[in-house]
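A.B. asks: These protein sequence lines are chains A and B, in that order.
According to our numbering, the first sequence is numbered sequentially starting from 638.
According to our numbering, the second sequence is numbered sequentially starting from 3.
No wet-lab data here; the hints were simulated from the structure.
It is possible that some hints are incorrect.
[Unchecked claim] Across the chosen pairs, the derived CB separations fall in these ranges:
(1) 29(B) to 645(A): 39 to 49 Å
(2) 60(B) to 640(A): 40 to 50 Å
(3) 649(A) to 79(B): 52 to 62 Å
(4) 72(B) to 688(A): 50 to 60 Å
(5) 712(A) to 50(B): 54 to 64 Å
(6) 667(A) to 59(B): 17 to 27 Å
The C-beta atom is built at its ideal place from N, Cα and C for all residues, glycine as well.
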Amino acid sequence: MGTGTIDEAQAWVEYCNGTSNTYWANLRRKNGHEEPHNVRYWGLGNELYGGWQLGQMAAEDYVKRGREYAKVMKLTDPSIELISCGQNGWDDWDRVVIDGLAQIVDYHSIHIYTGHDDYYRNVFEPHQAERAIRVCSAFIEQARYNLRITRPIGIAYDEWNIWYRTRTPEGRKGGLEEQFDLSDALAVATYLNIFIRECERVPIANLAQMVNVIAPIFTRPDGIFLQTIYHPLRLYAEYAHAIALDPPSSATPTPCRPMRTPGHGRNGSRTWGRSSCWT
Amino acid sequence: VSATRDDSGKAVTLGIVNRHREDAITTTIKVGGSAPILSATAHEVNGDDPKVLNSFDRPDAVVVQDRQLTASGTTVEITLPAHSVTVVRLAL
């Protein structure tokens, strides 16, 4: 949505999913794909709140434009599911967008990366993302109540990971090939536990990058190695089952070391607050 | 901690993170109901210290080590080493 047009959005849906004798569906056939690709999930823009995006806009403007994009995309293929562009789940942007687009979207996207050089801060920070999930879910429930929406609206946590070394302007000069240590693997496993516990609120969660850039697999022309975070991802992918349980624990909560109180990071991002959590 | 099961209820997987930097934790996993645990397998992600990372020179600094646990009826005891992730698979 940042640099595209409403016509392009319509064309993409028609090209991917169209079954009629129409221009874009025929172009797909001409390109060798007789059958539609049946792309089911469509995100309405990416991080349009951010100054790093072309086409950055205010939440209210995003709602106005997003509604029109959604309209024409749904008219082209009513079976698609739309995802509104959220921020971190509990920002004002999220509240405005959820209220404005809940009637037409099926999911609300959030992106949060965590990570810190301090060990305990690094391994506990995913719990702050869990709080954001719960607040975002409350925004959604409030909008569903106010707008009398009976179908569910889930969170699509479609960018998450540990990312801090190559995130600063200086850090990213050498590229975004984050080198993950063991503490990052613990944080990733904590995220995976959170996604299982919060599966009713978060039906979709995925890493945005698989190879090299902020990714579990590292390659160069003469070989690959598996980063530390690959291992919990592989184990959970192979062995976690489809039904989440709610295991009671007789353990006492572990008090975390107090974190610095909220301030602002180098990119204007908020640092995380104080925390006390379950292991 | 997380726990999941399959449709039959006979396969359960736990994901457990011990984030303590120095201390191991020994704990007991107990499954509800009367079905005994037939087998228990632990897959542990760990390394020498929390700052260790994999690289082309040392691709196996952090790997997965598998081990069988000894179950007793509906319980199984497990020791989770410092700074480790353990995925435990139970067959009931």
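A.B. asks: Please go over all the hints and tell whether each is borne out by the structure.
C.D. replies: Structure-based check of each hint:
1. 29(B) to 645(A): 39 to 49 Å: violated, 55 Å
2. 60(B) to 640(A): 40 to 50 Å: Cβ of residue 60(B) to Cβ of residue 640(A): about 43 Å, so the range 40 to 50 Å holds.
3. 649(A) to 79(B): 52 to 62 Å: holds, 55 Å
4. 72(B) to 688(A): 50 to 60 Å: Check passed, 57 Å falls within 50 to 60 Å.
5. 712(A) to 50(B): 54 to 64 Å: Check passed, 58 Å falls within 54 to 64 Å.
6. 667(A) to 59(B): 17 to 27 Å: Between residue 667(A) and residue 59(B), where Cβ atoms are some 50 Å apart, the hint is violated.
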